[in-house]
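Chains as they are written, first to last, in the working numbering: chain A, 1 to 403; chain B, 1001 to 1190.
Read the hints as simulated data drawn from the structure, not as lab findings.
Check the hints yourself; a few may be wrong.
[To be verified] Some, not all, of what chain A presents toward chain B, calculated at C-beta under 10 Å: (1) ALA95; (2) PHE159; (3) LYS272; (4) HIS321; (5) TYR360; (6) ILE370.
[As the list claims (entries may be wrong)] Ranges between beta-carbon positions, derived for each pair: (7) B:ASP1053 with A:ILE380: 44 to 52 Å; (8) A:LEU318 with B:PRO1156: 52 to 60 Å; (9) A:SER314 with B:LEU1005: 39 to 47 Å; (10) B:THR1090 with A:GLN24: 54 to 62 Å.
Since the model is a prediction, treat every value here as computed from it, not as a measurement.
All C-beta atoms, glycine included, are put in the ideal place defined by N, C-alpha and C.
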Amino acid sequence: MATKRTIEMPVESIESMTLNMGPQHPSTHGVLRVVLHLDGEVVERAICHLGYLHRAKEKHAEHKTYHQFIPYTDRMDYLAPMSNNTGYVMAVEKALGLEVTQRCVYLRTLLCELARISGHLLWLGTGALELGAMTVFLWSFTQREKIYDIFEWICGARFTVSYMRVGGMSREDYPEWRRMVREFLDQYMAAHREFETMLNGNEIFLSRVVDVGTINGKDALQLGLTGPALRGSGINYDARKHTPYLAYEEFDWEVAVEDRGDCMARYLVRMKEMEESWKIACQALEALEKTQNERCNIDNPKIIFPPKENVKRSMEDLIHHFLLASEGFKVPPAEVYQAIEGPKGELGFFLVSDGGPKAYRLGVRSPSFINLQGLEKMSIGYTISDVVAIIASLDPVMGEVDR
Amino acid sequence: MAVDLEKLKEELRNKMSEFFGEKIKDITISHDELVMEVEKDIIVEVCMKLRDDPSFQFDLLSYVTAVDYSALGREPRYGVIYQLYSVQKTHRMRVKAYVTEDDLIIDTVYSVWKTADWLERETYDMFGIIFRNHPDLRRILMPEDWEGHPLRKDFPLGGVKSFYFKRSTEPRAGEPKNLVPRIREQLSDI
């Protein structure tokens, strides 16, 4: 029979309590482990322990040809592989000094924005679920499925797409696919308004996010936050607008900025950003329709794979295919840094090439990794349940944090 | 918003040479990117200047990493890379300082940008470069008892130590001996 034991301890001697959160905690978005030092229920320190999902991507990059590394980029921010693909191939193209066709630029822009919508939809669904709203999760996943269908119909894969190639795409788009995108975009805004009605005036949701995890613009910049986490603190920096790449300069859209700096501000920034992404996607799709008779891939058989049916008929194409698959193309010695605006923030690829077919060094500036540094600053003074809301509002993807 | 890199380069050359003289080694533009190479002992002062000078205002430290040049046969062995961005001026640049193998120490820029905290920890973890005065220089991605620094060129892709799973019917320590022996996989050291 168990006897009740009492521990005698004077109240003064009770010091701060240490609580381990994660790496299997459902609200930590994968394998994030946070050690919380608590005073009662109030957080005094929040120390992150990373590395549970470290897969040595940067080391692998040095041992794979430039083409072979593309699938590895899918698995960094696995919620927006199209963005990662784009960032990586753009870095290689920059080192090569390669210009891609206008049609390819439009297609990449469209896919990056669809990836952003899909990434934010997952954040919206899981974030709301963590704060107690189940319905939004089901609704946002319905929309996400449609985006995955779109990806499946253009490249055959739903999740890890590996669609971009240096100098173009693995295959071209086609009219039925564009119709599918059009159908999705036509019905998306209605669903978006539904998400907003579910949350914007929801008392339970508001009490969990308003004035929680506040960080001011100066601190956010000092900590190097980018993406919605920075724009939620009133700092207007979006790589798409301020250091333009792809076709973002041509299109009409705005950067979403909020001043409050709390979880609500980050929520509003992301919601606004999805609307803007929708706008960009519509314009990119139109531009794609206009250029439908042009080539998508560049005309350089030394870099881009020849069409598969030609490989079976033409000797030249067979040789090129064989060389590209076995040896890869060579990149002249260069050091480049290419930054794009991923769904989580500034996604940068730092590439050093030595003239060979493999990268000499590939560094990945992953936005989630650096944004996570803000967690401690945001959490101090809030309760444990607020930490859940703050992690959700930062939206880290552990595949990208640990690489 | 196009940035006039040539103008920025001239400005950098004038202001930086005035303050640091010979210690600014090279300012170049390649692939539309501005790169400045400096001596490692003035890195903090240079960064401070780049952040605070009204004509540069590099208020965001994008990225810190290192490159191991040993496989190219270049000396000094490591280049430490600081990728900067200015939210006000919307320009980017890269600062580079070299670290030799005998003296792996460079000052931390944590006092300039707090972003450097984890980024420098990662660089230390992967390359073994020691950032002097860093508040908490521990490994960040690899386990704390890991030996070696994985992104160095002399670190093999498969790791230094090898493990394999050996099939065994031996009972585990502390397990009753009279149980039916089961085949299970055990981690063994080669």
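How the hints compare with the structure:
no.	hint	in the structure
1	ALA95	holds (7 Å)
2	PHE159	violated (24 Å)
3	LYS272	violated (19 Å)
4	HIS321	violated (27 Å)
5	TYR360	holds (7 Å)
6	ILE370	holds (6 Å)
7	B:ASP1053 with A:ILE380: 44 to 52 Å	violated (32 Å)
8	A:LEU318 with B:PRO1156: 52 to 60 Å	violated (35 Å)
9	A:SER314 with B:LEU1005: 39 to 47 Å	holds (44 Å)
10	B:THR1090 with A:GLN24: 54 to 62 Å	violated (42 Å)
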